[in-house]
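Q: As a plain string of letters, each chain reads:
6 protein chains.
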Amino acid sequence: MATLGLIEYQDASPEVRTIYDDIMLTRKTDWINNFWKALANDPATLKRTWEDIKQIMAPGALNALTKELIYVAVSVTNQCGYCIASHTAAAKNKGMTDGQFRELMAVVGMANESNRLAAGYQVEIDEQFKV
Amino acid sequence: MATLGLIEYQDASPEVRTIYDDIMLTRKTDWINNFWKALANDPATLKRTWEDIKQIMAPGALNALTKELIYVAVSVTNQCGYCIASHTAAAKNKGMTDGQFRELMAVVGMANESNRLAAGYQVEIDEQFKV
Amino acid sequence: MATLGLIEYQDASPEVRTIYDDIMLTRKTDWINNFWKALANDPATLKRTWEDIKQIMAPGALNALTKELIYVAVSVTNQCGYCIASHTAAAKNKGMTDGQFRELMAVVGMANESNRLAAGYQVEIDEQFKV
Amino acid sequence: MATLGLIEYQDASPEVRTIYDDIMLTRKTDWINNFWKALANDPATLKRTWEDIKQIMAPGALNALTKELIYVAVSVTNQCGYCIASHTAAAKNKGMTDGQFRELMAVVGMANESNRLAAGYQVEIDEQFKV
Amino acid sequence: MATLGLIEYQDASPEVRTIYDDIMLTRKTDWINNFWKALANDPATLKRTWEDIKQIMAPGALNALTKELIYVAVSVTNQCGYCIASHTAAAKNKGMTDGQFRELMAVVGMANESNRLAAGYQVEIDEQFKV
Amino acid sequence: MATLGLIEYQDASPEVRTIYDDIMLTRKTDWINNFWKALANDPATLKRTWEDIKQIMAPGALNALTKELIYVAVSVTNQCGYCIASHTAAAKNKGMTDGQFRELMAVVGMANESNRLAAGYQVEIDEQFKV
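Sequences listed follow chains Z, L, H, X, S and W, in order. Just so we're aligned: the first sequence equals residues 396 to 526 in this note's numbering. Just so we're aligned: the second sequence equals residues 396 to 526 in this note's numbering. Just so we're aligned: the third sequence equals residues 396 to 526 in this note's numbering. Just so we're aligned: the fourth sequence equals residues 396 to 526 in this note's numbering. Just so we're aligned: the fifth sequence equals residues 396 to 526 in this note's numbering. Just so we're aligned: the sixth sequence equals residues 396 to 526 in this note's numbering.
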């Protein structure tokens, strides 16, 4: 169980319910996942995190799916089990195909490998890359 | 300097030169960055890494720019200075706008934050996310 | 199960029992958690780790609770499930309130976010911060 | 140099200047460090990040210094050079003594060590720690 | 369950079966572990990953057991549960004794600790270490 | 410069000099690297860290070079610049050949890649790997 328990909709304060409602409305879904129910123990963090995510993940210069793929890439690199499960599901909801998932994994794996080759060989930054 | 030094084109074996040529041809550029010059101390790793990257980063279900953005996201999460510099430059070469870079950073930052909130609150994976 | 199994008190050597006794005495508790029972497979590591932790976590310039909060912050950043569970429990035992836990999580999340923004924007260290 | 350059006060938009002013006022200082000058390339992220940090780092259930120590602990664990330099300086400004810094480092080192011992020995979470 | 499910031998394409056969032949075993069954959803990644691992993990300047110990050290540092379990088992198959495992863990723990002490104290690289 | 400065031999207390002497004697060298000069600001941590490292890195079930290779593997995975430089130098002093370094890097890179493939594909631990 989550550290401070999960706050279900029926037990939530009006302040928390307002955010739950906005999450479901924005995501066009009828349920709230555990991440938010856990954060609801801290309404200030719930509100700030949701508003930040809502702003950041909205389509802009990058589309919604690309942003979700980036979210998965970070979560996989960090070995965050919950985040991998929830954001892979979110990516599928936003249209990620199996083929896209496969390529995403390949790139994430490769990047994690070459990050260590660059560090281990103590490669210095090329002048051309200095901005 | 890199741990085993950098292998310049004029000092490279024919085997290494062939890979250098393919890198420049594939990337439509006339120089080789330090990462490859360092790996050239191990021709087997140079060859394997280049062939893997060439295969993985080629446009497919995901386009070349999206793949490069994912590469940057991983490199930033891992705090790999060389990789951040080189792949940010690569992303620009592939057309990343400043606006896309800004949104990329925002998503990477947010994902790293929420990864820890999920872990710290010990949130369990929702049944709906179990595949 | 742990890789080498868990060494229960009744099966432990006198050397290991002495450490178990000191752990329970120091922590004012009557049981040993699995971390120590796993380490007991390597009495030298058990002894060294316990003595280090006992020394490091004792109140000094920082009080015991502050040290435990720092321990949780590191464990969450590293996504170590066992460590998050055990050190969150330890922090509660040392008096961490729910309010303190909430703020701890908020800071840990924020720090993980801004760490990546600093890295991704390739921000150079200000002269004023160079010691 | 930072990826998109640094926005100095005299070159900043009124929107950015307002945030710079609030940073200096809140921190009782007369200069802006590079982190914010880099983020200023993305006014939305600058605003969101500053408002989040201002809210999160304000004294509450945890005092300002404890929060800053936690920030340093995360930054050290993540090997973020910029963040270590800037938040160590911030902690000193908030009153961190050399003795507190030494103990902070000792705890951070120990936690990073025991996190790996717990993972490597594949220790299962004790029933007593399950909330 | 794995994200895209697991591909059992009887359900595998001839291309995948050929790799499964090579894995079992190379490892002198009669079963395929879940990692490969998951990767089989992406035959290109399965093939590339297996061929890379086969090449990299073959005895050379370092023997097979030493390479496996290094694999475990990385997996523990990254907190990858699956990888810790599978590569610890692989190391045992290659002859790792309990005594070697204990020392491996001690070194991995120590390195993770001193990595943070070096970063936290902002230690500069000695001239003698610059290559 | 290091956060609290570096303590040179001539400025060190007798307690610190004793440890410096033991480091030089044990390592058969006539100088002290910056890591220890930084830790000397905290004699308790200097003493504990040196004694732990001396015990852990001594040849046992694993030889001294193998232990140093593992240290490098962890340092590279963590992107710790100081640690990569110092432990790569230490490994060379203990006899690491260029060929061994190349294979070490290849394994470290591969492990970091496959760690993410295992996590990203959400692979469950095989029954056979459960101990």
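These are computed hints drawn from the structure, not numbers from a lab. Treat the hints loosely; a few may be bogus.
[Said to hold, decoys possible] Which residues of chain W face chain H? A partial, calculated answer using Cβ under 10 Å:
1. 397
2. 399
3. 438
4. 440
5. 443
6. 447
7. 450
8. 451
9. 476
10. 522
11. 526
[What the hints assert, rightly or not] Sample of chain L residues with no beta-carbon within 10 Å of chain H, all distances over it, derived:
12. 412
13. 442
14. 453
15. 454
16. 480
17. 511
18. 516
[Claimed, not checked] Distance ranges between label pairs, derived from CB positions:
19. X/456 with W/409: 40 to 50 Å
20. W/450 with H/404: 38 to 48 Å
21. H/421 with X/404: 32 to 42 Å
Glycine included, C-beta positions come from ideal geometry on N, C-alpha and C.
Q: Now, for every hint given, state plainly whether the structure supports it.
A: Hint check:
1. 397: holds (7 Å)
2. 399: With a minimum Cβ separation of about 8 Å from chain H (threshold 10 Å), the hint on residue 399 of chain W holds.
3. 438: With a closest approach of 12 Å, the residue 438 of chain W hint is violated.
4. 440: Residue 440 of chain W check passes; min Cβ-Cβ to chain H is 8 Å, inside 10 Å.
5. 443: holds (6 Å)
6. 447: Interface hint status for residue 447 of chain W: holds (6 Å vs cutoff 10 Å).
7. 450: Interface hint status for residue 450 of chain W: holds (7 Å vs cutoff 10 Å).
8. 451: This interface hint holds because 8 Å falls under the 10 Å limit.
9. 476: violated (13 Å)
10. 522: violated (12 Å)
11. 526: holds (5 Å)
12. 412: The assertion about residue 412 of chain L holds, with a minimum of 32 Å to chain H.
13. 442: holds (30 Å)
14. 453: Per Cβ check, residue 453 of chain L is outside 10 Å of chain H; nearest 25 Å; holds.
15. 454: Non-interface label stands for residue 454 of chain L: nearest chain H Cβ at 24 Å, farther than 10 Å.
16. 480: Not fine: 7 Å to the nearest Cβ puts residue 480 of chain L too close to chain H.
17. 511: violated (5 Å)
18. 516: violated (7 Å)
19. X/456 with W/409: 40 to 50 Å: holds (44 Å)
20. W/450 with H/404: 38 to 48 Å: violated (26 Å)
21. H/421 with X/404: 32 to 42 Å: Taking Cβ atoms as reference, residue 421 of chain H and residue 404 of chain X lie about 53 Å apart, which means the hint is violated.
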